[in-house]
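J.: Chain residues, written in single-letter form:
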Amino acid sequence: MKKKNRLQLDDNGKLKHFLTIEGLNRQMLIDILDTAESFTSVTEQNIKKVPLLRGKTIVNLFFEASTRTRTTFELAAKRLSADVLNINIQASATAKGETLLDMLRNFEAMHCDMFVVRHADSGAAHFIAQHAAPHISVINAGDGQHAHPTQAMLDMFTIRREKGEFHRLNVAIVGDIRHSRVARSQIHALSMLGVEDIRIIAPKTLIPTEPDTFGVHVYHDLREGLRDVDVVIMLRLQKERMSGGSLPSEHEYFQLYGLTEEKLALAKPDVIVMHPGPVNRGVEIDSAVADGPRSVILQQVSHGIAVRMAVMSMAMQSHLRDAPGGQR
Amino acid sequence: MIGIYTGGVWIAQQLHQQLAIKAPLGTLDISFYRDDFTRVGMNPQVKPSSLPLSIDDRHIILVDDVLYTGRTIRAAMNELFDYGRPASIILAVLVERDGRELPIQPDAVGQHISLQAGEQIKLQGPAPLTLSLRRV
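Chains D and P, in that order, give the protein sequences. In the numbering used here, each residue carries its 1-based index in the first sequence increased by 162. In the numbering used here, each residue carries its 1-based index in the second sequence increased by 294.
Careful: at least some of the hints might be erroneous.
[To be verified] Listed next, the in silico DSSO-like pairs over lysine-lysine satisfying Cα-Cα at most 27 Å (straight line):
| no. | chain 1 | residue 1 | chain 2 | residue 2 |
| --- | --- | --- | --- | --- |
| 1 | P | Lys316 | D | Lys325 |
| 2 | D | Lys401 | D | Lys366 |
| 3 | P | Lys341 | P | Lys316 |
| 4 | P | Lys341 | P | Lys416 |
| 5 | D | Lys430 | D | Lys401 |
| 6 | D | Lys211 | D | Lys176 |
| 7 | D | Lys176 | D | Lys240 |
| 8 | P | Lys341 | D | Lys211 |
| 9 | D | Lys210 | P | Lys341 |
| 10 | D | Lys425 | D | Lys401 |
| 11 | P | Lys341 | D | Lys176 |
| 12 | D | Lys325 | D | Lys401 |
| 13 | D | Lys366 | D | Lys425 |
| 14 | D | Lys240 | P | Lys341 |
| 15 | D | Lys366 | D | Lys325 |
[What the hints assert, rightly or not] Derived CB-CB ranges, DEER-like:
| no. | chain 1 | residue 1 | chain 2 | residue 2 | range |
| --- | --- | --- | --- | --- | --- |
| 16 | D | Thr229 | P | Val403 | 48 to 56 Å |
| 17 | P | Asp401 | D | Gly326 | 40 to 48 Å |
| 18 | D | Asp432 | P | Arg394 | 27 to 35 Å |
| 19 | P | Ser426 | D | Glu270 | 41 to 49 Å |
| 20 | D | His413 | P | Pro342 | 43 to 51 Å |
| 21 | D | Thr229 | P | Ser408 | 45 to 53 Å |
Everything labelled a hint here was simulated from the structure, so no lab data went into it. Cβ atoms here follow ideal geometry from the backbone N, Cα and C, with glycine treated the same way.
All chains should be built: construct the whole structure from the sequences, respecting the hints.
T.: Printed below as a string of structure tokens:
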């Protein structure tokens, strides 16, 4: 934890890399949410851009397919007036190591300022942050089963906008918690922001092996777990898990763990339903709920841009030269 | 009428009320348009800008507390033009002090002040609004 902290924060305690929620503190998360809030007005401008990162170059290094995350990172960078390179690399397990470092050196030689990294291996973003030149910031856009911190922060932003405060909330995360980097980052962020009742709801095979270390309440029955919750976060059921034998059929999963209006009625009347996307309609969530009045799934997408603008501009600040402030 | 955070908004609220302007008051946070982001970084307490009406073809009164170097006003005008094309902009400030670094002049001024090098004047608020002078 200490080591992660040292890597993510500079000598002044400012964000340099954004790799995981772990090792950050509550105030840092609140600063990210507040900064994101201020970026929401940019979308009201005729010209939806601010000149903050003019002249900076941001490289989206995507070793794993992604549409939503990559496009919202790209839009966020462009709304900050940065130049963006999108690099899609088909990850090949054998071609990593030296090849990856060579690639980093090349981008550094092109005077790039930030890498946004998505990779199927846990720890890939940390590895890149450790080996990148000192003037480069690294943002983790999802690494293996480890972390997806910008997704967690946009979820926190959505919850704060809808509910105002964190500490009185009951939040349920439903689905494949064990393999989900999103759930892992969400749980860290929720507990850091003071949510007292965090529930994870899943069949035994999809619960992490040591859930107690997360400080969460485990439920195997969806109806029981949904009782009186304020926020339900549904996770995408990765279809590849089906073939692995850890799950029954899609149909049976939907019967037991799919969110329907009838089951949602057990939650608080003003419950909000979230999903990081992409949604498997009829597997983990019924279309009537995904498109229904309690769903904030599309708001999450919009908020993703503001939150990523906040994280990128905050991380870019750590490279600034020291200069006198003074009155203006 | 549009006030610039933070002091300019306080002054604009007073003026807006006293002049009984019907159009709603706009507020502008110029943090993302500052020319010294790469030198001093960002203030974490940035407020979202809020312009309740389209500014296209409207006459704008831009309000700030202290006019000093002119850089804040430069940033504010850049931001305004990302919202639309106003018919005109005039500048009203509570205090105008010496030390301009850009060719920007106010149209309405509460008080002209000459300060020594190293002196700062700052508006404290929101209630009561007081001007304080300090040496740095």
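J.: Which of the listed hints are broken here?
T.: 1, 5, 12, 15, 18 and 21
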